[in-house]
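Listed below are the residues making up each chain.
Protein chains: 2
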Amino acid sequence: MAHLDLSADVVSLTQQLVDIESVSHHEQEIADAVEAALTSLPHLTVTRRGHTIVARTELGLGERVVVAGHLDTVPLNDNLPSRLEDGVLHGLGSCDMKGGDAVMLKLAADITSPNRDLTFIFYEAEEVDSVHNGLRKLTESDPDLLQADFAILMEPSNASIEAGCQGTMRVDVRTTGERSHSARSWKGVNAIHLAGPVLGRLNDYVARQPEIDGLAFHEGLNATGIRGGVAGNVIPDECVVEVNFRFAPDRSEADAEAFVRDFFDGYDVTVTDMAAGAMPGLDRPAAKAFVEAVGGEVAPKFGWTDVAQFTRLGVPAVNFGPGDPMFAHKQDEHVPTEHIERCERILKEWLA
Amino acid sequence: MAHLDLSADVVSLTQQLVDIESVSHHEQEIADAVEAALTSLPHLTVTRRGHTIVARTELGLGERVVVAGHLDTVPLNDNLPSRLEDGVLHGLGSCDMKGGDAVMLKLAADITSPNRDLTFIFYEAEEVDSVHNGLRKLTESDPDLLQADFAILMEPSNASIEAGCQGTMRVDVRTTGERSHSARSWKGVNAIHLAGPVLGRLNDYVARQPEIDGLAFHEGLNATGIRGGVAGNVIPDECVVEVNFRFAPDRSEADAEAFVRDFFDGYDVTVTDMAAGAMPGLDRPAAKAFVEAVGGEVAPKFGWTDVAQFTRLGVPAVNFGPGDPMFAHKQDEHVPTEHIERCERILKEWLA
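Going line by line, the protein sequences match chains A and B. Counting from 1, position 226 in the first sequence corresponds to residue 226 in this note's numbering; the numbering is continuous, with no gaps. Counting from 1, position 217 in the second sequence corresponds to residue 217 in this note's numbering; the numbering is continuous, with no gaps.
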């Protein structure tokens, strides 16, 4: 079993985490390592659900802060093992979001007498359909474990605060034709050819970029998958374009669905996944206090993050983590080590 | 093991063959049954290569005729088991081409004293990439087994003669983009969207329909598969459109490739499969004699068939088998029983 050395500095610890491969649905090894490391700390109470680990102080303090991060990554893209070079750590998951996970582990190990009770949540399956999301499952199985006055999600946000988050919705757009032998193709109807205009509409899409609470959001509508074909000599009778709509938090789930159905008017559209966005919520007292402690600009969060889960539970939440989100899910994913160190320093000052 | 009753009538025997599922690469059971049935006939010498069975008379007669058919089918489409209704047998493989296989088995069993030496070839993997084709493999491993003065391929041709065959070529047309997180899609390049114009060109394609030796051929260019996608939240960096070009026999393989490369000019095109067509060849004496014996019109063969393999070996060959090729590879595939009976009768008269 992989072993995590919590006495190492936060950058070395990030590197240890990156080098434990943990593509979504394959988090067993990293979750075992995190659980073992946290269980060794006597001031924390550890609970495990699947590959989601929760560690809490139970000091009866007046306030409780949740710090959360997911353990999984998108698929490998020839970008492991990690490589540390000129103050930058490269590798799958370095940015999204094992730098944040390492900060959480350091806070858990080093802050034995916090000024607020702390809940650390390391969870599985954030990078796949929300039905698998470990934090979402926890809101159903153990909502008490998520109760807090404020939550910090350590998703990459350039070590500064990103507020709100865009929603995400997935649909299958399906075309239906009729099979025939490809040697007599004029006797069938080619469903892949019918999908040409679907891709045409996506190519013509112009993104809406609304300003909300002073933050400029940016929507996106993209094919993330396409499949069709029966055999090399058969005119295919079905083609499915998998589409992901990222929508600004001023749209409800119903609004988002109506937009997509209208956009693909005339086609068979099936919703396969939906997660609402979260409004920035910077007017809430707990959020205001943290923004003042960190200082600096607040930016909008483009990616969907689990701040939306907390919003749903009535817990104010922001994104604050190391790494430039522009490099998440890219082959050259990386994180500046100074981001990781800055997040560790700010949170230790605020919580210790 | 499935058992074939060669004393049954040719329609019952077709039904027995249809009910032995034999999708390409899964021909073990049907080949075992055919081999066992042929081995029980003392006037034939049986040879097996993989799931390809050859049975020959060796009477030292002045002329030899090959009769050949493949044992495999395209994938299941909710169209098994077989169903005999109002003189029509329905089911996967009934048309393409177990009616022909059944005729071959009846000829093999019943013509113990032929007027020409006979070679029956039942072969595997015709419905997939030509590299797997059992007859093609036989031309390499045992070319002597294919030597003959004339060959009849029992591919569906409405129980009349279809001459020549179109060639078939497969290419992958690949688009390349750049991955990014789908929440910040404007930072990547979507390879599936880039494939939109590829499908657009296919939608604009106009088929050439040349007349050759008095027969009207009909080309076709179709996507038979499409794939792309990394994960539901990643802008995909690759999309592959699998395209099948069916070309008239007046084009060489080189001409066909040049046409397709020009058609997809500007895209990355990889040839994955190629099989040349065959000119009708109705001017050859052996072909003429068979045409006269059968009588009726001669039509062009749109589908690629293994007449091209024989053409390559210098053996004149035609397609002559039960079933309307328009129903090959369709869910409601079927064969009129009178076609099967007509083929059996004509070949028995010509060969016995």
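Among these hints, one or two may not hold up.
The list cannot tell twin chains apart, which means a pair is met if one copy fits it or any two copies do.
What the hints assert, rightly or not - Under the rule of at most 16 Å between Cα atoms (straight-line distance), these lysine to aspartate or glutamate pairs were calculated in the EDC-like manner: (1) LYS187 <-> ASP332; (2) LYS288 <-> ASP149; (3) LYS187 <-> ASP142; (4) LYS348 <-> GLU140; (5) LYS137 <-> ASP86; (6) LYS187 <-> ASP255; (7) LYS348 <-> ASP9; (8) LYS187 <-> ASP149; (9) LYS137 <-> GLU338; (10) LYS348 <-> ASP110; (11) LYS187 <-> ASP324; (12) LYS348 <-> ASP268; (13) LYS137 <-> ASP255; (14) LYS137 <-> ASP324; (15) LYS137 <-> ASP19; (16) LYS348 <-> ASP117; (17) LYS137 <-> ASP204.
Note that these hints are calculated values from the structure, not bench results. None of these values were measured; they are calculated from a predicted model.
Numbers of unmet hints, in rising order: 3, 4, 5, 6, 8, 9, 12, 13, 14, 15 and 17
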